[in-house]
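Protein chains: 2
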Amino acid sequence: MILRQFYIDGPGCLSYLVGCEHHGLAMVVDPDRHVDKYLELAEKLDLEIIGVVDTHLHTDHVSGNTELADVTGAEIFLPEAAEATLEHSPLAAGDVLEIGNVRLTVLPTPGHTPESISLLVWDVTRGEEPFAVLTGDTLRVGDVGRPDASQPAELEGLARQLYHSVFHTLAELPDSTIVYPGHATGGSCGKGGGSVRLSTIGYEKRTSPIFSLRDEAAFVEFVTTQLPERPANHDRLRELNRRGAPIVGVVEPEPLPLQDAVHYLARGAALVDTRPKAAFKEKHPHGAVHLELGPTISKRAGYVFYPEETIVLLLDSPEDYETAF
Amino acid sequence: MILRQFYIDGPGCLSYLVGCEHHGLAMVVDPDRHVDKYLELAEKLDLEIIGVVDTHLHTDHVSGNTELADVTGAEIFLPEAAEATLEHSPLAAGDVLEIGNVRLTVLPTPGHTPESISLLVWDVTRGEEPFAVLTGDTLRVGDVGRPDASQPAELEGLARQLYHSVFHTLAELPDSTIVYPGHATGGSCGKGGGSVRLSTIGYEKRTSPIFSLRDEAAFVEFVTTQLPERPANHDRLRELNRRGAPIVGVVEPEPLPLQDAVHYLARGAALVDTRPKAAFKEKHPHGAVHLELGPTISKRAGYVFYPEETIVLLLDSPEDYETAF
Numbered sequence: 001m002i003l004r005q006f007y008i009d010g011p012g013c014l015s016y017l018v019g020c021e022h023h024g025l026a027m028v029v030d031p032d033r034h035v036d037k038y039l040e041l042a043e044k045l046d047l048e049i050i051g052v053v054d055t056h057l058h059t060d061h062v063s064g065n066t067e068l069a070d071v072t073g074a075e076i077f078l079p080e081a082a083e084a085t086l087e088h089s090p091l092a093a094g095d096v097l098e099i100g101n102v103r104l105t106v107l108p109t110p111g112h113t114p115e116s117i118s119l120l121v122w123d124v125t126r127g128e129e130p131f132a133v134l135t136g137d138t139l140r141v142g143d144v145g146r147p148d149a150s151q152p153a154e155l156e157g158l159a160r161q162l163y164h165s166v167f168h169t170l171a172e173l174p175d176s177t178i179v180y181p182g183h184a185t186g187g188s189c190g191k192g193g194g195s196v197r198l199s200t201i202g203y204e205k206r207t208s209p210i211f212s213l214r215d216e217a218a219f220v221e222f223v224t225t226q227l228p229e230r231p232a233n234h235d236r237l238r239e240l241n242r243r244g245a246p247i248v249g250v251v252e253p254e255p256l257p258l259q260d261a262v263h264y265l266a267r268g269a270a271l272v273d274t275r276p277k278a279a280f281k282e283k284h285p286h287g288a289v290h291l292e293l294g295p296t297i298s299k300r301a302g303y304v305f306y307p308e309e310t311i312v313l314l315l316d317s318p319e320d321y322e323t324a325f
Numbered sequence: 001m002i003l004r005q006f007y008i009d010g011p012g013c014l015s016y017l018v019g020c021e022h023h024g025l026a027m028v029v030d031p032d033r034h035v036d037k038y039l040e041l042a043e044k045l046d047l048e049i050i051g052v053v054d055t056h057l058h059t060d061h062v063s064g065n066t067e068l069a070d071v072t073g074a075e076i077f078l079p080e081a082a083e084a085t086l087e088h089s090p091l092a093a094g095d096v097l098e099i100g101n102v103r104l105t106v107l108p109t110p111g112h113t114p115e116s117i118s119l120l121v122w123d124v125t126r127g128e129e130p131f132a133v134l135t136g137d138t139l140r141v142g143d144v145g146r147p148d149a150s151q152p153a154e155l156e157g158l159a160r161q162l163y164h165s166v167f168h169t170l171a172e173l174p175d176s177t178i179v180y181p182g183h184a185t186g187g188s189c190g191k192g193g194g195s196v197r198l199s200t201i202g203y204e205k206r207t208s209p210i211f212s213l214r215d216e217a218a219f220v221e222f223v224t225t226q227l228p229e230r231p232a233n234h235d236r237l238r239e240l241n242r243r244g245a246p247i248v249g250v251v252e253p254e255p256l257p258l259q260d261a262v263h264y265l266a267r268g269a270a271l272v273d274t275r276p277k278a279a280f281k282e283k284h285p286h287g288a289v290h291l292e293l294g295p296t297i298s299k300r301a302g303y304v305f306y307p308e309e310t311i312v313l314l315l316d317s318p319e320d321y322e323t324a325f
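Just so you know, the protein sequences line up as chains A and B, in that order.
Residue numbers for the first sequence follow our numbering, so the first one is 1 and each next one is one higher.
Residue numbers for the second sequence follow our numbering, so the first one is 1 and each next one is one higher.
It should be emphasised that the hints constitute simulated quantities derived from the structure, not laboratory data.
It cannot be assumed that every hint is accurate.
It does not matter which identical chain is used: a pair holds within one copy or between any two.
Straight-line distance between alpha carbons at most 30 Å, and here's what the computed DSBU-like set of lysine-lysine pairs gives [stated by the list, open to error]:
hint, residue 1, residue 2
1, 37, 283
2, 281, 37
3, 205, 283
4, 281, 205
5, 205, 277
6, 299, 281
7, 37, 205
8, 299, 283
9, 299, 277
10, 299, 44
11, 281, 44
12, 44, 277
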């Protein structure tokens, strides 16, 4: 069995390639749009990517499912309850995906979103016990996914579903089951386990601040209050993932000619100055918004601008585009 | 807490950077000699490397401990029983290494070698339970390290120690403890868990072929018979790691001038032709030994040549040196 974790700086999303060396087959779970890394690993390990699975409709990044399916011919799988309109095979409770000697089984774990599923990972050569569980955004290391990701109006109902998913579904797995979340928890070594990107059911049950909230009411109170602001692009991203993102292919960014920049700005585009603070303070174009370049810039932009706005970036050098993208 | 695994193709060695973001401190466990990757990660995460720990004197690769200590000023830690002669701090049962909010504790697990230790990893912000155990070569995924690595003459005694380490020391840890081995197990999805590079105590106890050998005699029989041949350089590497490898720094390989190659060959150096088999078959220098370029070439060379022999490599292009090195 092969099980590899991928991380993208900035949004902190985690994705997985699960495969069987023996049969030369693999699936990718919760891919982001930078799909080269999955293709490269599959080629290196001589694996054919036969499936792409999303545990839910993501609100913080565009799924790479259509992109990967386009290149590899892989089948796209999505939770039935997502009511996605792109071409896909729906997944319901207990469904099984076979990848040679590896098996994924579907465990509904709603709460972060109504359709959220977790995927149990079995190595059938090792016996009848799950090796790991891919929890999507339901259970993170020392944390859970926010229940207002999809329908803020249904907050309390989703929080109750999340309680059930965490305390009654995931907590019933063997202690030894490795927890591979769909999202890393940033921050320091305090609450949330710092930046460790995996855990186990037993370790979470006994040491997570989340599992110390045994009482449903306390849990609901905890996860529905003091929520960080929802970036304005969440609903748009979710809708994009429901319909299927257009295929982009390999993008080679090119600098915008000054005339084009002026053209866009004259028609109301926003100008974002990404240079260091000192440079911005010294001098900057009239009306420019300062969002310093860094891995979280797309998230910070989501707080400041409406999703439909056109943005012109002022960069220090063309290479900075990679970070801003 | 930060806990990152590194892998090197070929020998398949796994090493770890364990750190605390909050305090900006880290240690590296079982480093190989290509230390740039540890330094780069530490720089990226703004961590000071304050310690380098080896779980035992490795026989299959040169430790990067002296190299890392030279660059960072980190303290070198080695098991007391290794009787190492390089400058280091000895580790004994129960010793504690503090890395900010992260703690490593020493658990002797002899058998692969007499001095082998495992390191329990604790995140003190999460409570009194180990998060993981770095098992060195004692316990691998679906396997154990060979007991003839250091003293083939002591094979049976070491196998009995290994049984005790696996069944009585490591098996007593919580099921949920993540097992991070010092070595990946290659091969297909059959015995040994394929190429998954981590597991848990509970999963190994219930599904590993090793743990199905409950009886000490059966275990000893299994691990002492049908052992793969020991490469001739094992003893030399162990001795090198005991004394401390000389600092190499960054090596920029340069092609050997023909006159120098002739000089070495005239004095008995071996000539290894690393080109593809077809090219070798068509034509090759008189007396050349064919070892095709690939990640295991250094191990294969260890089977063919005595450790003290000088080797001249015939490569297709200068870039191939990276693989051969």
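Notebook entry, point to check: Which numbered hints turn out to be false for this structure?
Noted result: 1, 2, 3, 4, 5, 7
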